[in-house]
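The listed protein sequences correspond, in order, to chains A and B. FYI, in our numbering the residues of the first sequence are 43 to 163. FYI, in our numbering the residues of the second sequence are 6 to 383.
To be clear, the hints were calculated from the coordinates, so they are not data collected in a lab. Quick reminder that beta carbons are idealized off the backbone N, C-alpha and C, glycines included. There could be a bad hint or two in this list.
[Claimed, not checked] Taking lysine-lysine and the DSS-like style, the derived pairs with C-alpha atoms no more than 30 Å apart in a straight line are:
{"id": "1", "chain 1": "B", "residue 1": "313", "chain 2": "A", "residue 2": "84"}
{"id": "2", "chain 1": "B", "residue 1": "171", "chain 2": "A", "residue 2": "88"}
{"id": "3", "chain 1": "B", "residue 1": "171", "chain 2": "B", "residue 2": "231"}
[What the hints assert, rightly or not] The following residues of chain B were derived to be distant from chain A, with all beta-carbon distances above 12 Å:
{"id": "4", "residue": "21"}
{"id": "5", "residue": "72"}
{"id": "6", "residue": "87"}
{"id": "7", "residue": "222"}
{"id": "8", "residue": "228"}
{"id": "9", "residue": "239"}
{"id": "10", "residue": "281"}
{"id": "11", "residue": "295"}
{"id": "12", "residue": "301"}
{"id": "13", "residue": "320"}
{"id": "14", "residue": "353"}
{"id": "15", "residue": "362"}
{"id": "16", "residue": "375"}
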Amino acid sequence: MKFTKDHEWVSITGNEAFVGITLYAAEALGDVVFVEVPEVGKVLKKGDSFAVVESVKAASDVYAPVSGEVIEANDSLTGAPETINAVPEAGGWIAKIKLADASELDGLMDREQYEAYLATL
Amino acid sequence: MSDSDSELQFTPLFDRHVALGGQMVPFAGYNMPVKYEGVLAEHKWTRAEAGLFDVSHMGQARMTGEGAVAVLETLTPTDFSILPQGKQKYSLLLNDEGGILDDWMVSRPEAEGFMLVVNAACKDQDFDIIADFIADNESGADVEFEVLSDRALLALQGPKAKDVMKDLCPAATEMYFMECGTFQLLGEVAYISRSGYTGEDGFEISFPAARVGDLWDELLSNPIVKPIGLGARDSLRLEAGMPLYGHEMDAGYTLAEANLGFAMNKSRLTRGDIKGIDRLKAQLDGALERVRVAIRVLEGPPAREGAKILSEDGTDLGVVTSGVPSPSLGYSIAMGYVPPHASAIGTKLKLETRGKPYAAEIVSLPFVANGYHRKPKA
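Please model the entire structure based on the sequences and the hints provided.
What follows is the structure in structure tokens.
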């Protein structure tokens, strides 16, 4: 699993990746009450806002950690947005992306680097 | 308005908020807790039990003397001569054009003494306006005005607030909604009103800042009481249909547009001595271009402040001023402004969020029925 400074995670299998928000992000947001997942087929550039996660207080954009095409969206979040709080780094995944450029992964942090980054916040 | 560049101020309870796990954020120039346990849990706790809010950032002042009524009436649309001792009234500070400079709670614990509670972000402005007016006008000659910067303010809100107060200050629980009085509490003088900003029964307690930590601890020692942050305060007041200064109103709105006629007395309209009276009268007679409404979101994401309000055929009607996914109702609610022709209850609308229109409709206020302890009608 790889991480961004914006608190997204990427879990890679071959040239496909599940993406979501980290436990840190989910805890900072508080109770998630609405998730807008991307449409399948949407082509994302790294850094694009591709989903929105909303708490009672505010709406937060989720940014694409890598470029690629959305091949699956986690539609179950529409009916059960609280999954993001319960298991943000597993069942709370937001989309599955077909990677456009695997070399982009090199710019992301591994778990250890991400934990070290969190310690600086 | 407060200067966002200046240093943040602290209420006397800052250390307690941090110790309780409060997430501190800048709000109206103060370092305030937005949440402790979580907005959703705190919201629901307040609706079912009793929530404790530190609202010491708000401005408190006292105005006494024979001319106090005249001073207050010049600045607001309220008839304070008919406000009995022991009662409280919602009022508005108006500019010369009748635009809203702030909203106030004014109570009359003594025959010749008024207590004002004003918004934190507006308090410097408000108190300057009052002090200048008193200095420059004859009616201010025998008026004493004192900003109570040595007093903190707590709000205890929820259906069980009265049970908590019964142990601490039983006399205060004999008050009805919008009544106020002076009480002894923990050996100090407390100005207490039976009111609040959640739609629930509850109390607002003005207490010496030096001892408010003791009162806070005492209230929290009751397991019915939990601390509640500004996040839930906002979702609670929205469900109750209460406007928030800087969102539903500012100097660009009149009380007729903001649907706040209850801050005005008919006697003042008859006397014709409300600031901006010509425009106000015309608006009350039907010349309104926009009016504050309550909106239920029927599909899609929550509508937030700034979302466009459209008619069903896509015509621009106005803008959302506050919106929240309602924890009590399970759907999203909002307030905003539309022209009167689109303001009837049941009118179908669209709200635009992130470029897409979603179905919504005008509903009645409040969104959630209030739980006030009203005086039974004789």
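Quick rundown of the hints versus the structure:
Distance restraint check for residue 313/B and residue 84/A: the Cα-Cα separation of roughly 25 Å lies within the 30 Å cut-off, and the hinted pair is therefore satisfied. Annotation: proposed proximity of residue 171/B to residue 88/A is violated, straight-line Cα distance about 59 Å (limit 30 Å). Taking the CA atoms of residue 171/B and residue 231/B, the gap is near 17 Å; set against the 30 Å cutoff, the hint holds. Against the 12 Å criterion, residue 21/B stays outside the reach of chain A, whose nearest CB is about 21 Å from its own CB.
Against chain A, the non-interface label of residue 72/B holds: every CB pair exceeds 12 Å, the least being about 44 Å. Here residue 87/B stays apart from chain A, with its beta-carbon at least about 40 Å from theirs, past the 12 Å limit. Non-interface call for residue 222/B relative to chain A: holds, since the shortest CB-CB distance, roughly 26 Å, exceeds 12 Å. Listed as a non-interface residue, residue 228/B keeps its Cβ farther than 12 Å from every Cβ of chain A; the least gap is roughly 23 Å.
The Cβ of residue 239/B sits about 7 Å from the closest Cβ of chain A, inside the 12 Å cut-off, so the non-interface label is violated. The beta carbon of residue 281/B sits about 35 Å from the closest Cβ of chain A, which is more than 12 Å, so the claim that it is off the interface holds. No beta-carbon of chain A comes within 12 Å of the beta-carbon of residue 295/B; the shortest separation is about 25 Å. The non-interface label for residue 301/B is consistent with chain A: the shortest C-beta to C-beta separation is roughly 15 Å, beyond 12 Å.
Every Cβ of chain A is farther than 12 Å from the Cβ of residue 320/B; the closest lies at roughly 25 Å, confirming the non-interface assignment. Once the 12 Å rule is applied to beta carbons, residue 353/B is consistent with being away from chain A; the minimum gap is 22 Å. No beta-carbon of chain A comes within 12 Å of the beta-carbon of residue 362/B; the shortest separation is about 14 Å. Distance check for residue 375/B against chain A: the nearest CB is about 20 Å away, which clears 12 Å, and the non-interface claim stands.
Of the numbered hints given earlier, the model fails hints 2 and 9; all others are met.
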